[in-house]
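Residue numbers (the numbering used here), protein chains in the order written: chain A, 1 to 325; chain B, 1 to 202.
These are computed hints drawn from the structure, not numbers from a lab.
Lysine to aspartate or glutamate pairs mimicking EDC-like chemistry, simulated, CA-CA at most 16 angstroms apart:
# : chain 1 : residue 1 : chain 2 : residue 2
1 : A       : Lys-285   : B       : Asp-101
2 : A       : Lys-160   : A       : Asp-115
3 : A       : Lys-317   : A       : Asp-203
4 : A       : Lys-169   : A       : Glu-111
5 : A       : Lys-304   : A       : Asp-320
6 : B       : Lys-108   : A       : Glu-266
7 : A       : Lys-285   : A       : Glu-301
8 : B       : Lys-108   : A       : Asp-278
9 : A       : Lys-160   : A       : Glu-111
Quantities reported herein were computed from a predicted structural model and do not represent experimental measurements.
Here are the chains, one letter per residue:
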Amino acid sequence: MLIKKRPSWALSHSDITPESVYLDRRRFMGGMVAAALAGAGVPRLVDAAAPPVQGESLKFTGAPGFSTDEKKTPYEDVIRYNNFYEFGTGKGDPAQHADEMSVDPWSVRVEGECDKPGTYALEDLVRPHDYQERIYRLRCVEAWSMVIPWIGIPLADMLKRFEPNSRAKYVYFETLYDPDQMRGQRSLFSTIDWPYQEGLRMDEAMNELSFMAVGLYGKTLPKQNGAPMRMVVPWKYGFKSIKSIVKIRFQEERPKTTWEMIAPQEYGFYANVNPAVDHPRWSQKRERRLPSGLLSPNWMETRKFNGYGEQVAHLYKGMDLTRYY
Amino acid sequence: MIIPMLPFRILVFLLSGVPFALLVFDIVTGSLGPDPGQTVTETLGLSALQLLIVTLLMTPLARWTHWSGWIKVRRMVGLFAFFYATLHLMAFLQFILGWTDLWATFTKRPYIIFGSIAFLLLIPLAVTSTKSMMRRVGRPWKPLHRLIYPAVALVWLHFIFQARSDITEMVIYGLVVVFLLGIRGYWFGWYSLIPLKAPRRS
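Required output: the full structure, derived from the provided sequences and hints.
Right, here's the structure in full:
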């Protein structure tokens, strides 16, 4: 696949905030909050102190052609503001409860229309590849967005090793199902039929932007961000970027996805970021880029395909995107 | 035991103000997280629902404890609910909508319509809550204030229509509301739940 040069967004690796700087800032902020809380003596519903830095440092090279120079969302926000309903529906729930999940050892079941099915240990899946860093925009369907430096490998490189055959038109992904480790799956009144399921058309999965992340901000993924391995599909709403993957299946028919099964009129299979197609309950024309402030809300216009039209618009040529949303 | 009314009033006032105080504290200390507008709006809305429910709890409490103090603080709690609802609406307009997309939001989205009607129903209740207004309104005051029943039901719909997957919390709130309305029907007759209906003459 051809990698085009895009100097306008190019961002060299040295532009990233060094770890020591953002860690110091976190410690400083944490100290401030702790001091304020201690002073006020108010019991808080949410633990405001940041969790300790997680993860091992990873070796990687920059991928400037795949990165944006927009301001990155700070580490503490990326790891403390998550949608990972396996651990609860509140934005702070995953950071609080994801520790109940064990990610080592981890294996992934590969099945369906491919010549190399089997159960692969995580190390065997990722070890043959060199890690890259890609700074992508992440647009949540809820109208907020972040900019995150992911570490990982191109999804296509991983999928090709399983040698999908000609009947592989779609690829299906599944998150871990284990109610003992995932309290959200124990909930009595959840409408989600676990496990969480997602899918891509084969050409979407093989697109150069599709990414399998194992880390962020230079370290292995925190559990609340989908450790040990998650997808990142930056031109689609965030819920397509499935976390903590345990199953990959190549198939001929289009898979049904979790959100599509719950509310098909609200969440489609494609879920491409599109300001022209509103969610039935809110507008998708704008987004709040996080962190946002109360007095200075960080509103911006949402771009079609989250600004990645150059790489992916051709995948949907001739399709009515108001119908295939 | 006789509970002195003034300290009780002050206590209820302080407790009702706790969600607001916590919110102000979180704003000042910057501990609302990366999307403070969303958090503020959600917190205010939930506080409004909770205080509406507490308002509805006063009559049963008075009956169970044979103490009229609960009724004497009911207006204050109700006004706090209205206070949170008003701030919630303002926060939604300012932080979530940014005063754009108003027409589509208030005409097309069912959960917004439910919430808006609930808020409109609460306005006359707040306006007629003072002693002098009670006197001026006279006999229809009580049936008028039964508008809190449809209002709280609409607020619940406002929440349940926003639920994305897990409705456990709202199921619990719903059961509480059903209980609080049901017990009134049981005690005072089901007709007593109908708002704006003139009281039966005996």
